[in-house]
Every structure is written in C-alpha cells, then in structure tokens.
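Top line first, the protein sequences correspond to chains A and B.
Heads up: the first sequence begins at 1 in my numbering, then just goes up one per residue.
Heads up: the second sequence begins at 1 in my numbering, then just goes up one per residue.
Don't read these hints as lab results, they were simulated from the structure.
Hints may be right or wrong, so weigh each one.
Listed below are the simulated BS3-like cross-link pairs for lysine-lysine, each with C-alpha atoms no more than 27 Å apart in a straight line [unchecked claim]:
| no. | chain 1 | residue 1 | chain 2 | residue 2 |
| --- | --- | --- | --- | --- |
| 1 | A | Lys53 | B | Lys146 |
| 2 | A | Lys37 | B | Lys146 |
| 3 | A | Lys11 | B | Lys105 |
| 4 | B | Lys6 | A | Lys226 |
| 5 | B | Lys76 | A | Lys53 |
| 6 | A | Lys37 | B | Lys105 |
| 7 | B | Lys66 | A | Lys53 |
Keep in mind the model is a prediction, meaning the values are calculated, not measured.
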Amino acid sequence: MAEMFDDILDKCIDRINRGDRLEDCLADYPEHADELKLPLESVFSTRDAYSYKPQPSARQRARQRFNVALRESEERQEKSGFPFPWILGRARAWAVIATVAVIAFGGYFGIMQLTSEEPAPGVIPAESNSEGNFAFLISDAPNAIGDFQSLDLTFSKIRLRQGNGDWVEFVPETGQVDLTRLQNDLAQQVWRGDVPEGEYTGVVLYVVSSRGVLNNTGDTVNIELKGDKLHLDIDFEVATGSGTDPTEFVYDVTVISTDGGYHLQPVPGLSGTGRQIRKGEMQGQT
Amino acid sequence: MDRREKETVLASLYDEYFDKIARYVFVRLGNSRVAEDIAGEVFLKALASLNSYKERGVPMQSWLFKIAHNMIIDYKRREFRRETVPLDTVQMPDSIDIQAMAEAKAEQERVSRALNQLAPEQRQVIELRFFGGLTSEETGQVLNKKSGAVRQMQSSALKKLRNILGG
Numbered sequence: 001m002a003e004m005f006d007d008i009l010d011k012c013i014d015r016i017n018r019g020d021r022l023e024d025c026l027a028d029y030p031e032h033a034d035e036l037k038l039p040l041e042s043v044f045s046t047r048d049a050y051s052y053k054p055q056p057s058a059r060q061r062a063r064q065r066f067n068v069a070l071r072e073s074e075e076r077q078e079k080s081g082f083p084f085p086w087i088l089g090r091a092r093a094w095a096v097i098a099t100v101a102v103i104a105f106g107g108y109f110g111i112m113q114l115t116s117e118e119p120a121p122g123v124i125p126a127e128s129n130s131e132g133n134f135a136f137l138i139s140d141a142p143n144a145i146g147d148f149q150s151l152d153l154t155f156s157k158i159r160l161r162q163g164n165g166d167w168v169e170f171v172p173e174t175g176q177v178d179l180t181r182l183q184n185d186l187a188q189q190v191w192r193g194d195v196p197e198g199e200y201t202g203v204v205l206y207v208v209s210s211r212g213v214l215n216n217t218g219d220t221v222n223i224e225l226k227g228d229k230l231h232l233d234i235d236f237e238v239a240t241g242s243g244t245d246p247t248e249f250v251y252d253v254t255v256i257s258t259d260g261g262y263h264l265q266p267v268p269g270l271s272g273t274g275r276q277i278r279k280g281e282m283q284g285q286t
Numbered sequence: 001m002d003r004r005e006k007e008t009v010l011a012s013l014y015d016e017y018f019d020k021i022a023r024y025v026f027v028r029l030g031n032s033r034v035a036e037d038i039a040g041e042v043f044l045k046a047l048a049s050l051n052s053y054k055e056r057g058v059p060m061q062s063w064l065f066k067i068a069h070n071m072i073i074d075y076k077r078r079e080f081r082r083e084t085v086p087l088d089t090v091q092m093p094d095s096i097d098i099q100a101m102a103e104a105k106a107e108q109e110r111v112s113r114a115l116n117q118l119a120p121e122q123r124q125v126i127e128l129r130f131f132g133g134l135t136s137e138e139t140g141q142v143l144n145k146k147s148g149a150v151r152q153m154q155s156s157a158l159k160k161l162r163n164i165l166g167g
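Only chain A is shown next, with the shape it has when bound in the complex (with noise of 0.2 Å):
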C-alpha cells in the first residue's frame, strides 16, 4: 500500500511540472486525495518560492554562443571527415576524383529517374489494418514550434527498413497533421496496419510540403528540409501484437530557427517504441 501510494504521488508530482493543477489530480485519486492534498500542497509553495525566469536577454545571448559552437563544431567535422586529407594539396588528383565522381552520380541519378515511379525491389507494401501488429505516430520536440500558430506537415508515404536491407512501405491514413498541437509527449497516429516481425533499422517519411503560420506576423513560411524526405537511423523491433497492443513507433520532428529561416528535422534521441506519449486529436486527411 505505501509502495502504491509512492507512485501515485510520483505521478501526480509529473502532471503538476506538466502544468496540471492540485485538484485535478486529487480529483483523478479520491481514495488518496485525503493523504495526497498535505505533500502536494508542498509541492506547490516549494516551487512558488522560486519563481525565477532566466532574462530573455540572457536566454538569447547563450543561445547566440551555442549555434556559434554548433556551426564550428560541423564545420570542423566536415574537414576532418576527409578520408585523404594529402590530396587537398594535389590539384591534378582533385580533378580526377571530381570527374569520376560527376559519372558515378549521374549514372545513378539517371537509373533512379527511370524507376523512381515503379516500386523498387525490395519493397514490401504494408497494408492498413485496425487492429495490425504496428501503430505509427508524430510528434514534435518543442524547439521553435513556439514562432508558429500553426504548423502543417503533408507526407505521402513512410518506410520502414527491415534488418535485412528490404523496405516495407505504407501510405498513412492521415497525411498531414499540425505540429503546432503534437509538441512534447502528444502524438498523433497516422496509420496502423500489419507489418512484419522482427528487427528494423530505419524510417522514411516522405514529405510532400511543410508550411507554417508565424505568430508574430501571420505569414506562411515553407519549412526547409534536406531533399523531400525525412531520414532517421534508428534501431527497433516490432512484435507480435495486435487488438489493442500494437508495437507503437513515434517519429519525433522538431522545427529549428536558423539564420534566414526554418528548418525541420528527425530527432533520434526522442524518436522511436516504448515512449511514453498522449494520443492528440485526431486531425488532417489523407
């Protein structure tokens, strides 16, 4: 009994830094709102006495520090990326490598224009289902979503790339939904169906369009992306399940402010089963 009432209180101590008010959880627990109301209560004056903001100005000069690292960081990665760094110096070695390298790539693009409107080998088509062993939802990790009143992101299929290279691809039921409502622990499911066991190392999201309102002025802004699609490595496995316990996946979105614009990616760290997430209504169409 104490054990469970230790619970209780961690979970109501969760809802209350989620921004839940004291009598709803009391009113969610009336067997323990007696033995709850004294720590809560607690809870509550502790935090209050510190109701410190840190300065926006302040705020806003450590993240002009951290995007300076940032870009230092990449750019210094991308110089010591290069596996031979002694032909920077060879100018006649530059050029044979760049015109091999232009035939490589444009025989490849050339082949990948040809098929790219027939399924690909290796591509499983997935199809929707109830009560199917696999639920695929979005989110969004809170970065600068706050700039925006809305935020619209339009995707017609996603793929899952199974442990042995092969894809498995469906089209969602839902193909658009707004970030601005799916933002920490909410999550929108998109599609549920039948896809098969075992281990996968990958997602697709293939995006259509991403737009969004700005709050400030009311303008619509296209969110930049790398190419049209939304790549994530990732590692999960899917089980066997069905009726109401599907292997839930949750790919993890979050808009950032760059200079000149905004830009969407996958966050891996937050991506993947086993979260722990609120459904968000259900909203947009195929």
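Given the coordinates of chain A, assemble chain B onto it according to the supplied hints.
Using the frame of chain A, we list chain B on its own:
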C-alpha cells in the same frame, strides 16, 4: 547515435532545458546571473563533450543535469568568498513593489531553510524533480539511483517539508 545525431538532439533540447537548468542552478546557488551563465556553459560543455555521451538508456536531458550538478560544485569550490554589494549602490526600478519583493524574498528564505534541513540526497531529489522538472527515472539517472529509491526519498522529503513548512 553518431556525432551529427547527438548534435541534433542537443540543439532540440536547448529551448526547453535552458530555463529548467537555469532554475535548478538558481535554487542551488541563489544568484540569477550566475544561474544564467552556468546554464549557457552547460550546453557548451555538453557540445564539447558529445563524443563522451553514450546513450545506454540515459537520456541526454539527464546528462545535461549531471553536467550542471558538477559545474555547481566547481563554482562553489571557486567562490568560497561571497561578494556583497552595498544596498545604496543597488539600482531599483521606480515601479517595483518593495513590499511584495520583501515578502517573496522572505518566503524564499523560509523554503530554503526548510530544504537545508533535508538529507543531501533528499534535497537533490526535490531540486531535480520540482525545479529541474525531471521524472523520477531521469532523476535516478543523474544521481545513480533506481527510480524506486528516488520515489521513496521524494515521499520522505515531502513529509519532512510538510512538517517544517506547516500545513
């Protein structure tokens, strides 16, 4: 996760966790300017040490609070002498409610005295849970404790705080 992915996660945590870390440091050190400086330094240190971050079930936000905790200890070691500013050199805006400020300060000192009466680990749990906003699992990862132990310390600390603060 490769380096690039870790940088993406770290950047995505910035806006939410800068404020939480600054607040956590403020509660520990009582100085808002230092809290803001240290919060900024936490992210720079995290970026510089990203290659040493291994996921292994420890979310990055817990790692950030570990860095903050260590920086607070380092700061306390360096600043063994507290600087005071004579009151007559402090500039106060005209519109400030002096009485409200005094009452808020008194309440803060009352709660601070109450927190000081907790065992050090209980105090750390309260600071990370209430001011850092971490879950009991993330708090356990910062303090190298199991989440069950964190919940027990949390309950005991709250009982004690209730007795000290009254009501």
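Legend entry - Straight-line alpha-carbon gap A/Lys37 to B/Lys105, limit 27 Å: Roughly 25 Å separates the two Cα atoms, so the pair holds.
Legend entry - Pair hint outcome, A/Lys53 versus B/Lys146 [Cα-Cα no greater than 27 Å]: Violated, at roughly 30 Å.
Legend entry - Satisfaction of hint between A/Lys226 and B/Lys6, Cα-Cα up to 27 Å: holds, 18 Å
Legend entry - Restraint status (C-alpha distance of A/Lys37 to B/Lys146 at most 27 Å): holds, 26 Å
Inset, instruction - Take the C-alpha atoms of B/Lys66 and A/Lys53, compute the straight-line distance between them, and say whether it is at most 27 Å. - result: holds, 21 Å
Inset, instruction - Take the C-alpha atoms of A/Lys11 and B/Lys105, compute the straight-line distance between them, and say whether it is at most 27 Å. - result: Not satisfied, since the Cα-Cα distance of roughly 30 Å exceeds 27 Å.
Inset, instruction - Decide if the proposed pair is consistent with the structure: B/Lys76 and A/Lys53, CA atoms, cutoff 27 Å inclusive. - result: Holds - the C-alpha atoms of A/Lys53 and B/Lys76 are around 22 Å apart, at most 27 Å.
The structure is inconsistent with the numbered hints 1 and 3, although it conforms to all the rest.
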